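J.: First residue of the sequence shown: 1, per our numbering; consecutive thereafter.
No wet-lab data here; the hints were simulated from the structure.
Bear in mind the structure is a predicted one, so any value in this text is a computation, not a measurement.
Watch out, some of these pointers could steer you wrong.
[Claimed, not checked] Derived pair list, reagent style PhoX-like, types lysine-lysine, alpha-carbon separation capped at 25 Å:
1. K199 / K98
2. K110 / K199
3. K268 / K280
4. K38 / K110
5. K52 / K98
6. K110 / K205
7. K280 / K199
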Amino acid sequence: MSDFKWPDVDTAFLTENFEYLATLLWLVAIFVIRHFVKRALRANEKQDVDRKRRRLNTVDNVFNFVSFVGLILIWATELQNIAISIAAFMVALVIATKEFISCIVGALYKASTRPYQVGDWVRIGNFEGEVTDSDWLSTTLFEVDFKGGSYAYTGRTTIVPNSVLLTNFVQNLNYMRRYVEHSFSISRLTDDVNLFEIKEPILAKIREYSEHFHEVAIRYNSLIEKRLDIKIAGPEPSVRVQTTIEGYNVFTVSLFCPTEEAAEIEQKVTEDFMRIWYEKKRQL
Numbered sequence: 001m002s003d004f005k006w007p008d009v010d011t012a013f014l015t016e017n018f019e020y021l022a023t024l025l026w027l028v029a030i031f032v033i034r035h036f037v038k039r040a041l042r043a044n045e046k047q048d049v050d051r052k053r054r055r056l057n058t059v060d061n062v063f064n065f066v067s068f069v070g071l072i073l074i075w076a077t078e079l080q081n082i083a084i085s086i087a088a089f090m091v092a093l094v095i096a097t098k099e100f101i102s103c104i105v106g107a108l109y110k111a112s113t114r115p116y117q118v119g120d121w122v123r124i125g126n127f128e129g130e131v132t133d134s135d136w137l138s139t140t141l142f143e144v145d146f147k148g149g150s151y152a153y154t155g156r157t158t159i160v161p162n163s164v165l166l167t168n169f170v171q172n173l174n175y176m177r178r179y180v181e182h183s184f185s186i187s188r189l190t191d192d193v194n195l196f197e198i199k200e201p202i203l204a205k206i207r208e209y210s211e212h213f214h215e216v217a218i219r220y221n222s223l224i225e226k227r228l229d230i231k232i233a234g235p236e237p238s239v240r241v242q243t244t245i246e247g248y249n250v251f252t253v254s255l256f257c258p259t260e261e262a263a264e265i266e267q268k269v270t271e272d273f274m275r276i277w278y279e280k281k282r283q284l
């Protein structure tokens, strides 16, 4: 019993279990620091909601990356010994996890090109909506009703793997969050009503509905053209009359308007068209 030394036992224990203890301490430190950083960001009331969400998302990504790098450094020796003995297994693992690797590569592509950020409206391949979260593996979208023309949230959430970024186009639609070039069509069976006589009354109604935001629309349209360095339609409304081989007359309206008012203006214009069309129909 006289040869028993507590310091020797403690040192041996720490040496034999260094990786486990270091991992535990590293993860606890990362968790505590991230918690206080995020709480400080949430407590800042001067920042707008979108900027705060983007910074919180950045904090999560940075700390996840730092945690990953730290664990690799802690277990580097063990990983090296394992890698030498199971090289063939690693090759098979790479083949089996190619989708995961594609997601990581897609994340690196996203980080280098920055096609979008949290809060943007985007279209990624066949997926579209508002970006609510983005990490190393996927991008989460709140679906927005672009096709229906209401531009409202549908309540559905789509998780898009980052591998999709490597094989599909990405469109940033963020300029549509405030104003949008809204187009819709009204179809009628070919009859004796001349739709060209309805164009001017409808354009007059559109100008009436657009009067309260017309000046802002002109400035915003100019801002978008300068930012994108392209010429876009608007802000003046337009009406086009077409026919189809099935025997329909198509009355197409395009206007540059606030996104939140697009569906309401569409309904008003459609109601005006129907009223004028039926009046002319009764006059025949």
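J.: Against each hint, give a clear statement of whether it holds in the structure.
T.: Here is what the structure says about each hint:
For the proposed pair K199 and K98, the alpha carbon gap of about 57 Å is over 25 Å, so the pair is violated. A threshold of 25 Å between alpha carbons decides the hint, and for K110 with K199 the separation of about 46 Å lies outside it, so the pair is violated. For the given pair, K268 sits about 19 Å from K280 by alpha-carbon distance, which is consistent with the 25 Å threshold. A threshold of 25 Å between alpha carbons decides the hint, and for K38 with K110 the separation of about 23 Å falls inside it, so the pair holds.
Taken as a hint, the K52 and K98 pair is broken in the structure, with Cα atoms around 34 Å apart against an allowance of 25 Å. Under the criterion of a C-alpha separation no larger than 25 Å, the hint pairing K110 with K205 is inconsistent with the structure, at around 44 Å. For the suggested pair K280 and K199, the alpha carbons sit about 13 Å apart, so the restraint of at most 25 Å is met.
The structure does not agree with the numbered hints 1, 2, 5, 6 stated previously, though it agrees with the rest.
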